Amino acid sequence: MLRLAAVMAAALVFAAPAAASCAHPRASMNFLQGQVMCPTCHTTLAMSDAPAAQRIRVFIAKKIDACWTTQQIEAALVANYGQGILAAPSHKGFDLLAWWLPILGVLAGAIVLAFGVWRWSRRKEPGEPDKPDEPADSGLDEETERRLDDLLARFD
Amino acid sequence: MTARLKTGGQVIALACIAGLLALLVWSVVHQQKAPSVGSMAPAFTLQRLEGPGKVSLASYRGKPVVLNFWASWCDPCKSEAAVLERDWTTYRGRGVVFLGVDYHDVNSDGRRFVSAHALTFPMLEDGSGSVTSRYGISQVPETYVLNRQGRVVAHLRGPITDPGFATDFQNAIAKAAA
Numbered sequence: 000m001l002r003l004a005a006v007m008a009a010a011l012v013f014a015a016p017a018a019a020s021c022a023h024p025r026a027s028m029n030f031l032q033g034q035v036m037c038p039t040c041h042t043t044l045a046m047s048d049a050p051a052a053q054r055i056r057v058f059i060a061k062k063i064d065a066c067w068t069t070q071q072i073e074a075a076l077v078a079n080y081g082q083g084i085l086a087a088p089s090h091k092g093f094d095l096l097a098w099w100l101p102i103l104g105v106l107a108g109a110i111v112l113a114f115g116v117w118r119w120s121r122r123k124e125p126g127e128p129d130k131p132d133e134p135a136d137s138g139l140d141e142e143t144e145r146r147l148d149d150l151l152a153r154f155d
Numbered sequence: 000m001t002a003r004l005k006t007g008g009q010v011i012a013l014a015c016i017a018g019l020l021a022l023l024v025w026s027v028v029h030q031q032k033a034p035s036v037g038s039m040a041p042a043f044t045l046q047r048l049e050g051p052g053k054v055s056l057a058s059y060r061g062k063p064v065v066l067n068f069w070a071s072w073c074d075p076c077k078s079e080a081a082v083l084e085r086d087w088t089t090y091r092g093r094g095v096v097f098l099g100v101d102y103h104d105v106n107s108d109g110r111r112f113v114s115a116h117a118l119t120f121p122m123l124e125d126g127s128g129s130v131t132s133r134y135g136i137s138q139v140p141e142t143y144v145l146n147r148q149g150r151v152v153a154h155l156r157g158p159i160t161d162p163g164f165a166t167d168f169q170n171a172i173a174k175a176a177a
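These protein sequences, in sequence, are chains A and B.
Numbering follows numbering that gives the first Met the number 0, with no gaps: position 38 of the first sequence is 37.
Numbering follows numbering that gives the first Met the number 0, with no gaps: position 59 of the second sequence is 58.
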């Protein structure tokens, strides 16, 4: 009985730190493996089994156990390896271009496409008559046109 | 109006293609290559691994330099470490400088490695790999031997403990120190 109590007490002592909860949700190893690059193979950690990637995984696991946030872990990795360790560019300075250029490219493409469709929809087929609701341009000035209308009105 | 728009579109498309081609040419031209034997070793200044302060390669001009690139996650580096330390203690009296560059490594791991292998020559850290890439390092360990003028005497791609390299390494140091 005494032995059992001792084992349980020991288990509690050793299990307590592992089970200790963080003040915030724990960072996710899976998420970070998609956000961090393997520096020697230039793929994400998730896709690499290189020794350097394995060391970084161990580093991340230790920091997760120590309740570091995702941002803290990423900052520590950037301090150690430089900005290139992150798979995605930061949202600051020159790196912003990497985020905005694709959006601008898609917008520019959409505008060009819309313009093309608009022009195509207005194009006349060869031999197609003018639309009836659009009065044909007679090439006469207003005064002449008015007088012509008056003359024609006499024959009505 | 339409013709002008068409021309403008064509000009923009051509400019985009020219830009992409320029980018391709630039990346091909600027690919990092290992400095060849006889050429000047790329200059660098790196942070010390085990303490504050920086070390510049230029500060060792006039002395033969053995530049060893390693990482704590590299298994061959472990077997090489003891030999490097032994050679360092042998050659330091003759004015040869040994410099270790820990690359793509967690700094704390690098420091543990240095401590575990009782390495006493100066260690620098290149976590980002910016200096290492200028030396065309594709795998660690790799070792350069530089002469007093800072020119490359030898580049050993692999551990100096490799049977083929042991003699080359000693010969290179002798040549660099001559």
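Hints are computed from structural coordinates only; laboratory data are not their basis.
It should be emphasised that the depicted structure is a prediction, and the values quoted were computed from it without experimental measurement.
Beta carbons are placed, not taken as given, at the ideal position from N, Cα and C, and that holds for glycine.
A few of these clues could be false.
Distance condition first, Cα-Cα at most 30 Å in a straight line; then the derived DSS-like pairs of lysine-lysine [what the hints assert, rightly or not]:
#1 Lys-62(B) to Lys-62(A)
#2 Lys-32(B) to Lys-174(B)
#3 Lys-53(B) to Lys-61(A)
#4 Lys-123(A) to Lys-5(B)
#5 Lys-61(A) to Lys-77(B)
#6 Lys-91(A) to Lys-53(B)
#7 Lys-62(A) to Lys-53(B)
#8 Lys-77(B) to Lys-62(B)
#9 Lys-174(B) to Lys-53(B)
#10 Lys-5(B) to Lys-32(B)
#11 Lys-91(A) to Lys-123(A)
Sample of chain B residues at the chain A side, in silico, Cβ under 10 Å [what the hints assert, rightly or not]:
#12 Leu-4
#13 Thr-6
#14 His-103
Hint-by-hint comparison with the structure:
Distance restraint check for Lys-62(B) and Lys-62(A): the Cα-Cα separation of roughly 42 Å exceeds the 30 Å cut-off, and the hinted pair is therefore not satisfied. A threshold of 30 Å between alpha carbons decides the hint, and for Lys-32(B) with Lys-174(B) the separation of about 24 Å falls inside it, so the pair holds. For a cut-off of 30 Å, the pair hint linking Lys-53(B) to Lys-61(A) stands: about 29 Å separates their Cα positions. A threshold of 30 Å between alpha carbons decides the hint, and for Lys-123(A) with Lys-5(B) the separation of about 19 Å falls inside it, so the pair holds.
Among the hinted pairs, Lys-61(A) with Lys-77(B) is consistent with the structure: their alpha-carbon atoms are about 23 Å apart, no more than 30 Å. Taking the CA atoms of Lys-91(A) and Lys-53(B), the gap is about 28 Å. The hint holds against a cut of 30 Å. Simply put, Lys-62(A) and Lys-53(B) have alpha-carbon atoms about 28 Å apart, close enough for the 30 Å limit, and the pair holds. In summary, the hint linking Lys-77(B) to Lys-62(B) is supported, as the alpha carbons are separated by about 27 Å, within the 30 Å threshold.
With a C-alpha separation of about 28 Å, the suggested pairing of Lys-174(B) with Lys-53(B) holds against the 30 Å cut-off. With a C-alpha separation of about 44 Å, the suggested pairing of Lys-5(B) with Lys-32(B) is violated against the 30 Å cut-off. Of the pairs offered as hints, the one joining Lys-91(A) and Lys-123(A) is violated, with about 50 Å between alpha carbons and a cut-off of 30 Å exceeded. Below 10 Å, beta-carbon pairs count as interface contacts, and Leu-4(B) has one with chain A at about 8 Å; its hint therefore holds.
Because the beta carbon of Thr-6(B) sits about 14 Å from the nearest beta carbon in chain A, more than 10 Å, this interface hint is broken. At its closest, the beta carbon of His-103(B) sits 4 Å from a beta carbon of chain A; the interface hint therefore holds under the 10 Å criterion.
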